[in-house]
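Enquirer: So you can see what is in the structure, the chains are spelled out below.
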Amino acid sequence: MNQATTSTTISRVFKWSMLSFWRNRLLSIAATLVMTLTLLTISIFVILNLIIGTTIEAVQHKIDLVVYFNENVTEQEIDSLKKQVEVLPEIASIDYIDKAQALQKWQSRNIKEELKQIATEKDNPLPRSFEIKVKNLDKLESVAAYFDAEDIKPMVRKTSLHENQATIQRLLNMTNFLRKIGLIFSGFFILVSILVIFNTIRLAIYSRRNEVEIMKLVGATNSAIRWPFILEGMMYGFLGTILSVLFLFLGFRFLSPVVNKYLGEVMTEWGGSLMAYFWSHLWQIILWQLLVGFAIGAICSVIAIRKHLRV
Amino acid sequence: MIEFKNVTKTYNEKTKALDDVSFKVAKKDFVCLVGPSGAGKSTLIKLLICEEHPSSGKILIGGYNITKLKLNEIPYFRRKIGVVFQDYKLLPEKNVFENVAFALEVCGAIDAEIRRRVPKALELVGLEKKAENFPDELSGGEKQRVSIARALIHSPKLLIADEPTGNLDPRTAWDIIELLLKINERQGTIILLATHHKEIVDRLKKRVITIKNGKIVGDQEEGKYIV
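Read top to bottom, the protein sequences are chains A and B.
Residue numbers 1 to 311, in this note's numbering, belong to the letters of the first sequence in order.
Residue numbers 312 to 538, in this note's numbering, belong to the letters of the second sequence in order.
With the rest of the complex left out, here is chain A (with noise of 0.2 Å):
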């Protein structure tokens, strides 16, 4: 096939598909917003993963393993406890907050002025203390049990993490479960839209089914009756992939202001705001829906086509 040829059969396919898809234009409607709902759900999911994870990065910077000591330990064996925890390969970072230092702390929380007479300089029950970071929420029990070892035990008055235990297990549960239904609902809607985008397919074919019957009969390989219909297919995707962009550019501008509240400085990782996230990212959106999108569709006209094409 020459280049004429091969131009004039690229322009007749799209001529073809266009007018297919027109003329099934309810149906077409259908699979397109089918489409559309499909990528947006996917596209939530992976944000709303994204979300999820820059939220517990935080709240893991955040979260401090507290352990309290006893008054009667000396200063050395703290010393020599802080440079025997410093190099277990779970801990982010360790601070030794001395009585001042906690005295200090408890004077800038924002408590009745009466509860911060309970400490003063000179009568300080305030305990002395480590604050923890761990590199790994899911290692936090493990560190806390280095403290309940037989020989650290006495010297502690106090581990907090069972305090913030609860916390961080809600996290993490809400978060496996918020995932496992994002997985769901995206797996589910991939599976309708997959379904109803090759019923349009069909009933398309279904409805050209004259023309494709005369095309075989006059000689037009499989490739020339398959490639409308693909590219119909991909249409949807197309579309869907407009419409699905439209939707979240909408809800991020709606949600923005919200999330941001909500997650504050975490944000500034993001480049300040989810909008600014959305415009950052707005090429990497727009070429995974498309993607996605022309793989259904494309998919979808191929097994719809297989059976008219038998000879």
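Bear in mind the hints are in silico, worked out from the structure with no lab data behind them.
If you're wondering where the values come from, they're calculated on a predicted model, not measured in any experiment.
Be careful, since some hints might not be right.
Cβ-to-Cβ under 10 Å is the rule here; a few derived chain A residues that face chain B [claimed, not checked]:
| hint | residue |
| --- | --- |
| 1 | Thr-8 |
| 2 | Thr-9 |
| 3 | Arg-23 |
| 4 | Asn-24 |
| 5 | Arg-25 |
| 6 | Leu-26 |
| 7 | Ile-29 |
| 8 | Glu-211 |
| 9 | Thr-221 |
Beta carbons are placed, not taken as given, at the ideal position from N, Cα and C, and that holds for glycine.
On the provided structure of chain A, position chain B as indicated by the hints.
Expert: Just chain B now, kept in the frame of chain A:
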């Protein structure tokens, strides 16, 4: 040009649609294929256009055994034969010109070629003045002419007409037959005419192959409808 060698076609093991059929058709021949419904005419045509494969035997066209064609070779083979049917198989939303052009379009012909060849085909069937009309605006005979023009667009050596006059009144039917005769004489295209019409067969005085129960029961030059 065309040769059937001991062709048998069985559906689901028991029903023999064609039973050991052998015949030859020479270049520029005009052959009538007659027989009652279910005799095997349609099966024979389906085998000829590679829509079905024979259970056994060979079909040679121009020296090629078409039963050995690969799937991707069939489209190119089909461009060398034209087929018309009783129900015309025209696309209602395309006008006459576009219907004929469609056969070229789907095979990747460029627009210049389409503009050159479609009017010629329409002229051959006497429809050059109806190029802009839609199938709904045409009579049955005219519709069949459009379908013949489309079948001839690739200049095939063989034109298969499967009951082309089945839906037409006797007068129009004979017009279509005369058109087929003209094509046969002028272009040397082999015509294989499957028909029920006794009057047409008797009046044509061409070679008649008669099929009954999947077997050839008669093959005569200048034959008559004998079933």
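Enquirer: Please flag the earlier hints that this structure goes against, numbers listed from lowest up.
Expert: Structure breaks hints 4, 5, 6 and 7.
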